[in-house]
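Visitor: Below are the chains, spelled out letter by letter.
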Amino acid sequence: MTDPARAAGLSPEFLRSGTSSFLDFAALVAPNVLPSSRTATPTLLSAGDLAPHGTTIVAATFPGGVVMAGDRRATMGNVIAQRDIEKVFPADEFSMIGIAGAAGIAVEMVGLFQVELEHYEKLEGAPLSLVGKANRLATMIRANLGLAMQGLMVIPLFAGWDVAAEEGRIFSYDATGGRYEEHAFFSVGSGSVFARGSLKKLYRPDLDPTEATMAVLQALYDAADDDSATGGPDLARGIFPVVMITTVDGVQRVAEGQIAQMVAQLVAGRQQRPDGPGAPLR
Amino acid sequence: MSMPFYVAPEQQMKDRADYARKGIGRGRSVVVLHYADGILFVAENRSQALHKVSEIYDRIGFAAVGRYNEFENLRTAGIRYADLRGYSYDRTDVTGRGLANAYAQLLGTIFSSGGEKPYEVEIVVAELGVTPGLDQIYRLTYDGSVGDEQDFAVMGGSAEVITEKVRQGFRPGLGLAQATRLAVAALAADGGATAAPREIGVESLEVAILDRNRVLPRKFRRIRGDRLAALLSDSIDPNDPGREAPAQLVSEAAAPEVRLGPGPAAGTPADPGS
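Chains P and L supply the protein sequences, listed in that same order. Heads up, the first sequence is in our numbering, so the first residue is 1 and it goes up one at a time. Heads up, the second sequence is in our numbering, so the first residue is 1 and it goes up one at a time.
Incomplete in silico selection of chain L near chain P, CB under 8 Å:
#1 His51
#2 Tyr81
#3 Glu257
Have a look at the derived ranges for each label pair, beta carbon to beta carbon:
#4 L:Asp15 <-> P:Gly125: 33 to 43 Å
#5 L:Gly261 <-> P:Met76: 31 to 41 Å
#6 P:Pro31 <-> L:Asp93: 16 to 26 Å
#7 P:Arg204 <-> L:Thr92: 40 to 50 Å
#8 L:Gln48 <-> P:Arg38: 40 to 50 Å
Derived coverage of chain L by chain P (criterion: at least 3 residues anywhere in the stretch with Cβ under 8 Å from a Cβ of chain P; other residues may be distant):
#9 83 to 90
#10 95 to 107
Just so you know, the hints here were simulated from the structure itself, not pulled from any lab data. Since the structure is predicted, the reported quantities are computational estimates derived from the model, not experimental observations. Think of the CB as a built atom: it goes at the ideal place given N, C-alpha and C, for glycine as much as any other residue.
One chain only, chain L, in its complex shape (with noise of 0.2 Å):
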């Protein structure tokens, strides 16, 4: 009969919380920043379908690091919290707090459970205020710890050089174009400082924001392509907003007014000014 090793607690946790931050470590970092009209996420991802950065709901994103099925579990509850609250009350009362505290829930209870491995994931819950001043960005922990951030979170490989690089350009108020190409500055520079900047093209960034000038409920939208290649070279303003025009879903009869035209409408954009 064999016996079982004892394992003081203190090992145990120390023991998983290596696992897990191994796991982190290895992964591309991602950045979340405020800027001027809401909140940026910028993630190195080489991968145009496995996505590191998501839409949760009206004025929540989400983003994570590490183990992929892990935090595509945990956006997928996230969606789903989400969208049974917003049914069942009323899209208001959907809450980045609410639902950070759901994850940290999970995630504690996973971590401290000694039957299930912990999660390798850091995730970060951001949320669009109604004023500027409102704006949070919620950073969990594999073990479930929350953290409400100021200005901006770094997670996975090196987010220590990262952070520094970050803080080092920082400050409120950053264009969109202005604070995107901070953020990839700071991705490239994760050699440290003695080390060249990498290059990271266009096609393995990953960039989205929150943007409280869209006027339909959904503010999430992905910049990606021309967009974000034009967002990223020198040769425009770097106070441009950079504003997209196609609505990405209308909801709760939020439709744009068009006034109609003689002619066909194919192909005739719709001028809500005229």
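One chain only, chain P, in its complex shape (with noise of 0.2 Å):
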């Protein structure tokens, strides 16, 4: 006798009680869906050079939220994919994510992320801790592992508001999926080093919000200027990096128009002194 909830197209697994994961859900009823089912071909090429790849994300904590920001080029070899390319985006109300490596991966892994948070919070009836989620991301880099190796590397920066904790967050993780918490300010990608010395220079414990911001552009410049998969600020285009914060109030992304006044004014002063704003020596 056939089961008579399968051949009703709702099979047995969509009644079950259990996980409230769309990825467990879906591993079970779909796998075919999911990025981890594409299973790396065992040889010894690198696949690294047949997708484009994203280069740098930034990310800063001030009091009362943080900032996330990506440039917007895309690489694929020594070719710029994309020029206009979205890296940072919302993962749900109080987080966002921003990714570096194979564009086309990332961007799926961001999809399934954001379908996981939605489907938890509307099956239970309450959010995930923001812990949780970074927990949850960690999970499905582990999954995509076997690309990596081959050099379809995901690397996402996680940073969100921590209802709880009433502070902003940010997380960093490995190809391997180990997940680890960043304090003040981190950055991932090909133009990561950069930033990251920009950020040290540049960053402060108190900046308010648009400075913390003008901060993280700095970064990207710094980046851009050293990094070539990084693009910097494209005036002629009018293509500038994305920018969001997360606060109590959730997550916005800053005005392009303010974002471009911010770049008039950061280029400008770089035509002053080209390797950017001075820290004082001691």
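Relying on the hints, combine the two individually framed chains into one complex.
Guide: In structure tokens form, the structure reads like this:
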């Protein structure tokens, strides 16, 4: 006898209680739609050159929130694959995610992560805690390890407002799914070394949101200055970094007009002093 | 050796229907109706945690009466169905009609299969269309039959009396406050025309809307506490749409824009207009 529920289109898995995770559920009924279903072919060749790569993401906390910014470039080898890609997304109402690495898989992972958080919230009637969200993301990255070893690495940066602790927090990841909490500021991607060096000098814990935004814009500029894969502000086309802030009011994208003004101010400053603002020596 | 009794199929179906109806009839009722800016759900529910009304997807809401564990199962299945479909295709490809069909198949199969007891539930799947003309309220019963309801749907214990009461007061384009009051008055009048209407307090009401005016993709939101009390009190303008500011959830890169000012961010509300 065939199972009546299976014949009806909503198979018994749909009715089974237990998991509130979309990822676990999809792995059960439709594993083919998940990014982790891609099996890496056993070969010594790298697949890294096949797909565009996103580059630099920076994040910094300030009293009352956290800001995240990403440049707009995706590269494929020495070619600029896209000059207006967006790599910073709201994950849910109180958290945001920025992605570096293989762009296609990363964007897919962000979509899956957004559904995962929304799915949990709808089923449980309450959102996950910020650390809970960060841990779910770690699980997804772990599932991508096979592809990461062939060059299709995805390294996200996750940040959000911790409703319970009432502070902005930043989490970074490695390719094996390791999750690390970062304090004050952090950066991922090919230009991250330069961005972090820049933030080290510019960051202060008492920055206000506007100053923190300026600091991350400066850091992205410094990353683009020294890393060929990171895009600087494109003044001719009017393409500027995507900046989002998360505060007690939730995730908000900083208006493009304001970013344009801040970038203009930044560039004017760099014309006087190309290496950017200096930090006091002592 | 015992001989199984022969029961005519007609009788069998009738028994099962009676069984399901009895279960549904015991519960408090739910009213779902169109209002000026979307679809309104009003349920009498003493629990603030065990919901009768829920969000399924961006533009789809769910309401149920009957046995809690059974409609909770259906709600879970609906959210999984919608999220899986939306993730595999696109958010716009999740439709209320598709969901109603899946539910109908499931309920119908369970009702007519001899093995399981029929579900003692009645549910509404309501979908906000792109334009008000495309808003839909599907009502599904325990046997899997689907009705495409005009104007409003009433389910639960005293559905007939309440339906009559809503019909008297309903007209297209009711404001949110008017529509809510109509639904609450109808729920309170479940004793029939002769009995005095009961008093239903804010704490035993569950109210939610699919709000067309919401900017974010997820249109479902609950109205409770002071907001609900204000909506029901006569002191406010009955045509006040009663918008609630806080956003529920942002998805698909639809973050609201903000312009930053100097000073700490905590507690300073964003002003997107400046």
